[in-house]
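K.L.:
Chains as they are written, first to last, in numbering that gives the first Met the number 0: chain A, 0 to 566; chain B, 0 to 214.
If you are wondering where the hints come from, they were derived from the structure by calculation, not from laboratory data.
Be aware that one or more of the hints could be misleading.
[Unchecked claim] Here are some of the chain B residues that sit facing chain A, going by a computed Cβ distance under 7 Å:
#1 Ser89
#2 Val91
#3 Met174
#4 Ala197
None of these values were measured; they are calculated from a predicted model.
Yeah, the Cβ is synthetic: ideal placement off N, Cα and C, and Gly gets one too.
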Amino acid sequence: MTTIVQGPQMIEARDPALVMRLARLGSFHQSRLSFMRVLTRRMAREAWSFERPEFEIDAAGTGHAVYTARGPERSYSLIAFAHDLPADQRSDRVIAEAWDATFTLFDGIPSAGDIARLRANIPLQEAGRVSGSELSVSRANRSVRLWEHVVASLAAGSQPALEQIDAVGYLMRTTAVYGSGKLGAADREMIADRPEFATPFQVEMLSVFLTRAFVRDLVQHMAHMRAGGQAATLDPDIARSMGIGNSTGLGMAPFLLNHPVLFNNWIKAREEALARVRRLDHASESEVALFRDLLRRSAQSAVNWHSDHEAQTVKLTAFREDLTRLGAHVDTLDLSGDQPWNRLFNWAGAHLSLEGQECLASLLLEPYGALVDDLADHMAADNTATFRIAGAMPLGRLKEIIEQSYAWALDIDWSLPRNCARAWYVSEEKLEPRLGDRFEEPIADYEQPLAPGRDAAVLYQSLAHWPDITSVAEFLLRHPEHRHSVRRVQIVNRAPYAEIRDNTISSDVLPIDMLRCKLAFFGAVHFDPRSDRWVRICMYPNAPYPEELATLDADFWVYPTERTCGS
Amino acid sequence: MSHSLNEIEAMCKRAARGGGLSWGLCEEAAKGTRWLAAYGYPGPELLADLLELNDQKPRAGVTPATLENTWYAPAGRLCPITAGAAMSDSAVKMENDETIVMRGVSQPLLVVPFAAGAALRLGAAVSVTWGDVRLTTDGHRLCARGRRDDILAAHAVELRCFAPTEMTTPAAPVMRASVAEACWRRLGVFAQRTYAPATDASRRLGAGAGLNDND
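Hey, can you work out the whole structure from these sequences and the hints?
P.N.:
What follows is the structure, encoded as structure tokens:
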């Protein structure tokens with residue numbers, strides 16, 4: 000008879016109680032399971048082709064362009080509208096009404112009629128309507144200083160200064176990328192069975208990937224217009240070092256709370272990938288070499304990461320020290336055997352900040368695409384099965400789950416003002432999610448259910464005097480106000496990473512932690528908080544442009560190499 | 000106007016909240032309305048009718064008094080969302096060949112999406128009947144029998160839910176729906192109640208953006 004040893008060498012995925020804290024989620028980094036990298040790997044593997052059938056932009060920078068991506072079975076077209084935006088209208092807020100450029104990702108190849116229809120709607124963004132043929136709607140604003148510098152330099156026949164490029168990192172930043180049925184666009188269910196959209200947010204990532212090509216072409220076009228066709232051509236290496244920025248506010252924060260199963264699947268995929276790598280008995284020379292190379296390049300990326308935000312500055316300093324310390328430690332290690340990655344990861348837990356620990360968690364996956372990349376196909380969610388409440392569950396069992404999964408919330412004194420100082424609500428203007436002060440603004444009556452910890456604690460209190468054998472169905476008939484929380488508790492029972500195990504309404508909650516976590520899964524880098532509830536990031540810096548995907552590295556581009564341009 | 004199902008779900012969730020339902024029931028009302036819309040039924044209209052009918056009335060009056068024997072509401076009319084949710088929660092009863100009988104149900108079609116949930120839980124098709132109407136679903140498809148007017152009835156004297164049952168002429172969902180402007184406005188009146196009036200302070204602080212984006 001064979002005995003399966005379940006000793007200390009059996010490494011499990013990390014405990015949700017450790018992972019699902021806001022400070023740690025707010026220190027997540029991109030990984031090879033990030034949605035941008037999943038997309039570029041797929042497009043390279045499947046040899047997607049790209050063309051620019053239309054580029055009708057005038058000297059003032061207004062007009063439209065079409066970029067088409069052809070995959071094995073279907074094509075998708077980014078339709079870009081360029082505008083001449085007065086400075087006083089340039090706002091990254093969702094309440095803006097005009098932008099430097101607006102976009103939609105069209106399902107297929109648009110006809111002239113489609114483009115005319117979309118020209119009447121896409122520039123209006125929220126005030127317009129789209130149809131089931133459109134997969135996304137988005138907009139972008141220029142980085143005014145870098146845009147002007149690049150246009151002026153090229154028009155004068157020279158290349159832009161590298162310090163200026165590095166200081167900003169992008170020519171335009173998107174201020175919203177809407178998908179999944181917003182403004183009348185196609186629902187995700189319409190396209191979810193296409194293999195290219197098996198991983199979440201591939202529509203949005205494809206839209207941004209093509210947007211970056213448009214922005215590069217537009218800046219070149221504007222330089223030519225200014226110089227009467229005599230402008231210098233932007234150095235491809237400089238162009239490649241630039242990504243697309245993104246400016247994101249509170250609107251994104253509730254997403255993780257409103258999609259608990261989806262969020263669980265993201266975290267679970269990354270944690271399972273990490274556990275698989277930590278279980279490896281030994282590492283080959285080439286695997287170790289790749290890890291060391293990417294660690295060195297991560298340090299370069301950290302140098303290019305700027306933020307003036309106080310909390311992020313502190314984290315960034317610690318992170319750079321982490322990478323130095325990690326590099327030095329790796330140099331002393333024999334990584335050939337004895338579960339090398341697990342030893343390294345355990346060392347990091349004791350010696351690095353959360354930024355460093357989570358960066359290492361991502362880096363460890365890099366040499367092991369064959370071992371972990373399949374997990375990207377399990378990051379989407381069909382909520383149907385988990386949405387229904389299991390009404391036959393006895394209340395005793397419900398209490399047990401709360402005690403196990405919400406212990407952190409039961410330990411909080413929710414009557415203290417500082418523990419419930421904030422309230423999430425939706426404002427009348429533009430229906431923008433906001434976070435307000437419960438005790439100073441008249442918002443409590445409008446509170447959204449975005450404090451699962453408090454709500455689970457209240458539910459637990461309500462359950463106290465009910466018999467353990469009574470069914471959830473009977474309880475909910477008398478207490479419909481707990482229906483939302485009962486569902487969450489039952490979801491967490493099946494999806495342990497579904498819940499942020501932290502207080503989302505305390506006086507010191509930092510919504511940027513939630514934004515950072517989501518954006519890291521997208522594949523964003525260089526998180527630059529502008530306040531505790533607003534963050535700028537960079538997407539696709541150093542990535543190949545569409546026409547370069549076949550010849551350049553479509554996977555590890557996120558780690559910068561030594562710059563060869565500008566010399 | 001052509002709407003995405005997500006738009007319908009989002010609007011109906013807000014409207015149901017504005018109509019006084021608990022968040023958990025709002026989520027189910029919204030998913031149910033979306034489900035009906037995907038089969039070409041005017042789920043949003045029925046929800047608007049229901050919210051207007053029960054507006055400002057205490058929920059206890061339209062909630063089943065008990066889950067034993069025939070379900071009835073103390074005030075005489077059961078809310079199909081509350082009763083439907085309780086039916087889905089009690090799905091195991093149908094597994095034991097019990098028929099769930101409800102007396103007096105408003106907008107009975109709004110109960111049917113909950114039968115879809117129950118069917119998925121039971122792994123067996125569930126039928127919902129009233130008058131000459133019989134709607135059967137296995138959670139993925141829907142078989143409808145009866146006149147459309149009766150299916151869209153404003154009230155059912157008696158409604159029965161049971162399983163297992165046969166799927167006869169199943170229809171698959173479509174991914175687009177059309178909602179009349181007037182209906183959208185009626186739902187909007189309820190949704191509006193969930194939005195906090197903007198103040199100068201909330202404008203300035205609430206979203207937390209930087210002051211200058213011309214950089």
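K.L.:
Can you list which hints this structure breaks, lowest number first?
P.N.:
Violated hints: none; all satisfied.
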